[in-house]
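S.K.: Chains R and Z, in that order, are what the protein sequence lines are. Going by this note's numbering, the residue at position 100 of the first sequence is 100; the numbering climbs one at a time, nothing skipped. Going by this note's numbering, the residue at position 36 of the second sequence is 36; the numbering climbs one at a time, nothing skipped.
It should be emphasised that the hints constitute simulated quantities derived from the structure, not laboratory data. Incorrect hints may have been included.
As the list claims (entries may be wrong) - Listed next, with one range per pair, are the computed distances between beta-carbon atoms:
| id | chain 1 | residue 1 | chain 2 | residue 2 | range |
| --- | --- | --- | --- | --- | --- |
| 1 | R | Pro39 | Z | Ser14 | 23 to 31 Å |
| 2 | R | Gln50 | Z | Lys52 | 17 to 25 Å |
| 3 | Z | Ala17 | R | Phe12 | 28 to 36 Å |
| 4 | R | Ile95 | Z | Thr12 | 33 to 41 Å |
| 5 | R | Lys70 | Z | Gly9 | 25 to 33 Å |
| 6 | R | Gln56 | Z | Gln81 | 38 to 46 Å |
| 7 | R | Lys70 | Z | Ser79 | 18 to 26 Å |
| 8 | Z | Tyr30 | R | Lys83 | 37 to 45 Å |
| 9 | R | Asn53 | Z | Lys56 | 33 to 41 Å |
| 10 | Z | Asn59 | R | Pro39 | 20 to 28 Å |
| 11 | R | Glu69 | Z | Lys68 | 37 to 45 Å |
All C-beta atoms in this analysis are idealised placements derived from N, C-alpha and C, irrespective of residue type, glycine included.
Given next are the chains, with one letter for each unit.
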Amino acid sequence: DGGITQSPKYLFRKEGQNVTLSCEQNLNHDAMYWYRQDPGQGLRLIYYSQIVNDFQKGDIAEGYSVSREKKESFPLTVTSAQKNPTAFYLCASSINLGGLDYGYTFGSGTRLTVV
Amino acid sequence: GNSVTQMEGPVTLSEEAFLTINCTYTATGYPSLFWYVQYPGEGLQLLLKATKADDKGSNKGFEATYRKETTSFHLEKGSVQVSDSAVYFCALRGGADGLTFGKGTHLIIQP
């Protein structure tokens, strides 16, 4: 079955460490996205990529970095510059065929906790 | 810029009650509108969508109509079940960048 896989499901980070969250999709979608979810704040866009080797900052990109070397993969690195990284991180992908908008497919999320 | 406003809740209803979750938006042009549902500890699942004015999206007994004159996309269900308990997000896409989400509405259905 096609879908998006995020790993790990739970991740613990020490202060000052960088960590990388994995996101892989086998849906052949061109576009991929990273969102951060905090209680009471909904979802906020971190980075997105419309095509391989290209990505754009979202609303809250500071302290994060991404790469898009393959169509299937869009890893997110939470750097030590991110002051409050504890959150639930969601990856998504999308396709637009013939002008029809099919919305997003989401992964099951990674919960990151700073210890 | 684009924005979505929805009632935040929690909304608590009894089983078989009628559900309405309000959603209004601000956007230029003609955005696509979506409702997503999130069950505890999981990602978001697309519930329904509408891509032009007066379209009605429907799925699993839920409905929402794209009302451009009132810039609204309210979610309704005639008879809710305990299994409908979840967080519901209204969202819009007006361009090539990501979806803009509301803050989510936590729905609790009591037996």
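S.K.: Each hint should be assessed against the structure and marked as holding or not.
M.R.: Here is how each hint holds up against the structure:
Checked against the hint of 23 to 31 Å, the C-beta distance between Pro39(R) and Ser14(Z) comes to roughly 26 Å, which is consistent with it. A hinted range of 17 to 25 Å for the beta carbons of Gln50(R) and Lys52(Z) is consistent with their spacing of about 23 Å. For the pair Ala17(Z) and Phe12(R), the supplied restraint of 28 to 36 Å is violated, since their beta-carbon distance comes to about 41 Å. In this structure the hint that Ile95(R) and Thr12(Z) lie 33 to 41 Å apart at CB holds, the actual value being about 37 Å.
Look at Lys70(R) against Gly9(Z): about 40 Å separates their beta carbons, and that is not inside 25 to 33 Å. At roughly 40 Å, the beta-carbon separation of Gln56(R) and Gln81(Z) lies within the given 38 to 46 Å, and the hint holds. Separation of Lys70(R) from Ser79(Z) is about 46 Å and departs from the stated range, judged on CB atoms against 18 to 26 Å. For the pair Tyr30(Z) and Lys83(R), the beta carbons lie near 38 Å from each other, so the given range of 37 to 45 Å is met.
With their beta carbons about 40 Å apart, Asn53(R) and Lys56(Z) fall inside the hinted range of 33 to 41 Å. A hinted range of 20 to 28 Å holds for the C-beta pair Asn59(Z) and Pro39(R), which are about 27 Å apart. The hinted window of 37 to 45 Å between Glu69(R) and Lys68(Z) holds, with their beta carbons roughly 41 Å apart.
In summary, the numbered hints that this structure violates are 3, 5 and 7.
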